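For the sequence shown, the residue numbers in the working numbering are 46 to 614.
What the hints contain is simulated information worked out from the structure, not anything from laboratory work.
Mixed in with the good hints there might be a few duds.
[To be verified] In silico BS3-like pairs for lysine-lysine, Cα to Cα no more than 27 Å straight-line: (1) Lys195 x Lys214; (2) Lys214 x Lys174; (3) Lys305 x Lys451; (4) Lys171 x Lys200; (5) Lys214 x Lys200; (6) Lys174 x Lys197; (7) Lys200 x Lys189; (8) Lys174 x Lys189; (9) Lys209 x Lys197; (10) Lys522 x Lys174.
[Unchecked claim] Ranges of calculated distance between the beta carbons of each label pair, as one might list FRET restraints: (11) Gly292 x Gln595: 44 to 54 Å; (12) Gly381 x Val541: 22 to 32 Å; (13) Pro596 x Gly347: 43 to 53 Å; (14) Lys174 x Ser431: 41 to 51 Å; (15) Asp152 x Lys195: 14 to 24 Å; (16) Lys185 x Lys209: 18 to 28 Å; (17) Phe317 x Gln495: 20 to 30 Å; (18) Pro574 x Lys200: 43 to 53 Å; (19) Lys189 x Asp483: 22 to 32 Å; (20) Thr608 x Pro308: 16 to 26 Å; (21) Glu314 x Asp152: 24 to 34 Å.
Being a predicted model, the structure only gives us computed values, none of them experimental.
Glycine included, each C-beta is placed from N, C-alpha and C at the ideal position.
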Amino acid sequence: MGKRQWEATPTSRSRPAPPQGRESRWKPAFSYRTIGALSAPILSRRRMAVGTARGGDYPSISFCVPFLLFTGARITMHRRHFLETTLGTAAAAMTIGRHAQAAASTDDIRVAQIGFRGQGRGHLEKLGKHIVALCDVDEKVLDKQGQQYKEKGQKVELFTDFRKLLQRKDIDAVSIATPNHTHALITVLAAQAGKDVYVEKPASHNIWEGRQMVAAAQRYGRIIQCGTQSRSSPALKQAAEFVQSGGLGAIRYAVGTCYKHRPSIGKSETAFQFPSHIHRDLWIGPAADEPFYRPARNSQGGENPHYDWHWDYNTGNGDLGNQGIHQMDIARWFLGEPNLAPRTLSIGGRLGYDDAGNTANTQITLHAYEKAPLVFEVRGLPRSASSGEMDRYRGSQIGVFVQCEKGYVVIPSYSEATAFDHEGRQVKHWQQGGDHHDNWLEAIAARDPQKLNAEIEVGHRSSALCHTANVSYRLGKKLPTPEIAERIAYDELLSVAFDRMLGHLRAHGVAVDGSEPVLTMGEWLTVDPATESFVGNDAANELRTRQYRQPFEVPDIERELATQAAAAS
């Protein structure tokens with residue numbers, strides 16, 4: 046089954062002319078990213094002004110480079126970057142059909158939702174009238190949602206295979222809320238099909254995938270937003286600017302916390318068998334086709350394989366990539382760090398129960414940024430064995446704490462922050478949310494990725510911090526608690542976090558002080574921020590990507606751009 050339809054098929058609608066007047070914002074100096082962002086609308090205006098190539102569907106691409114030279118712009122870039130960006134954008138323009146040209150308003154944007162059993166339900170509510178198609182590998186979920194649209198008179202098409210959905214020319218954009226291991230594949234193929242993308246967090250399942258998503262946005266001229274919605278909060282924007290501008294003096298460090306109860310997911314003696322209404326091949330997608338031993342019902346009371354895929358590294362990223370990515374993103378944002386940390390270490394384990402999961406449910410990570418380090422803590426167990434409540438750090442169960450020279454800032458939610466002085470007196474308070482989906486739609490209408498609050502490179506970098514932490518942990522080995530403490534004793538911030546973790550585990554009855562090692566100390570990883578690869582560590586670089594199951598291989602867009610640039614030179 047590939048496609049079904051409720052009532053009539055959505056028909057293509059003509060596009061109004063693209064928005065004009067953006068020339069007034071141009072400046073005499075351009076970076077290669079600026080050129081990449083501007084060249085797509087330049088091509089669009091060229092088509093409107095001087096006609097199209099044969100067939101009327103494609104713009105003349107010979108205009109882009111001469112135009113930039115004609116403006117007298119000082120092009121501050123390497124020649125290779127210039128070729129990659131401008132030629133990549135020109136290639137993107139050749140793939141974009143008539144229906145995908147710039148819309149005058151968000152009302153004209155037609156969106157397909159891919160995945161909506163969990164987080165995707167919120168996407169459907171936000172996108173409302175824009176939804177024209179639904180895709181899910183679970184036919185029960187698909188039929189139920191399709192029926193709801195039918196009852197309210199909204200015409201939608203139903204798909205089980207996202208690849209068939211992407212063939213539709215009258216769909217402008219896709220919103221992705223599928224398991225992590227499919228995010229990159231769907232995003233890149235959607236970009237190749239000329240569609241803009243909203244992709245849930247984490248952006249990718251591994252570091253390499255994130256880089257292909259960034260490259261795809263550049264090459265195909267797509268508007269790709271990552272679902273780290275805190276970036277759309279005006280309150281957090283103001284708070285981050287306050288911190289980075291020295292409002293409380295120099296930044297000392299940041300601590301992110303994800304203290305969220307994660308019960309056992311259970312374990313079956315026999316390998317899981319997919320129900321007949323879930324398309325097994327499509328669900329597995331690019332992941333390894335290997336047995337897993339989760340029971341029929343998941344930890345949320347629903348049906349497996351839904352949700353508990355988070356706790357298997359084959360398909361998920363643990364709570365670092367589930368809840369923790371939000372706080373990791375906020376922490377990196379407030380620190381003002383654009384890249385990955387040069388060194389990373391992670392310590393933890395899956396403790397308190399024996400189940401079918403393999404991701405850490407208790408974990409501390411140090412991202413050793415040179416200016417101000419970032420410590421991140423994951424706790425999936427309650428405060429104690431007899432309590433259902435979770436621990437808190439500086440008042441927050443899930444949040445970010447930023448220590449500065451003259452005070453500190455607490456960010457306890459996606460839309461609120463408070464600054465205090467050293468005596469605990471409130472200095473400033475910010476509270477205001479924003480609509481992340483509206484921001485995406487507005488950027489699509491303007492054909493301007495610079496309008497995005499969490500464009501894909503921003504989302505990729507924060508997601509990659511979660512990935513580097515997990516790589517460190519997965520390469521580690523179990524050591525006695527005293528030995529771990531001794532090895533990290535030179536780093537006060539990490540040692541204090543480790544002591545906090547030990548206290549939490551002791552309260553839960555975990556025998557961290559026994560002779561038997563229970564905690565895994567990860568490897569210290571050195572990261573090259575420019576290439577986002579690990580220095581002198583082949584095993585870590587193997588986990589930077591994965592072996593992709595055919596025919597679900599993620600295209601290597603970086604390689605394509607390099608080949609294209611070499612041919613052009």
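Status of each hint after checking the structure:
no., hint, result
1, Lys195 x Lys214, "22 Å, holds"
2, Lys214 x Lys174, "18 Å, holds"
3, Lys305 x Lys451, "30 Å, violated"
4, Lys171 x Lys200, "17 Å, holds"
5, Lys214 x Lys200, "17 Å, holds"
6, Lys174 x Lys197, "11 Å, holds"
7, Lys200 x Lys189, "14 Å, holds"
8, Lys174 x Lys189, "18 Å, holds"
9, Lys209 x Lys197, "25 Å, holds"
10, Lys522 x Lys174, "51 Å, violated"
11, Gly292 x Gln595: 44 to 54 Å, "53 Å, holds"
12, Gly381 x Val541: 22 to 32 Å, "23 Å, holds"
13, Pro596 x Gly347: 43 to 53 Å, "29 Å, violated"
14, Lys174 x Ser431: 41 to 51 Å, "50 Å, holds"
15, Asp152 x Lys195: 14 to 24 Å, "22 Å, holds"
16, Lys185 x Lys209: 18 to 28 Å, "19 Å, holds"
17, Phe317 x Gln495: 20 to 30 Å, "45 Å, violated"
18, Pro574 x Lys200: 43 to 53 Å, "47 Å, holds"
19, Lys189 x Asp483: 22 to 32 Å, "27 Å, holds"
20, Thr608 x Pro308: 16 to 26 Å, "49 Å, violated"
21, Glu314 x Asp152: 24 to 34 Å, "54 Å, violated"
Consistency with the previously given hints fails for numbers 3, 10, 13, 17, 20, 21, ordered from lowest to highest.
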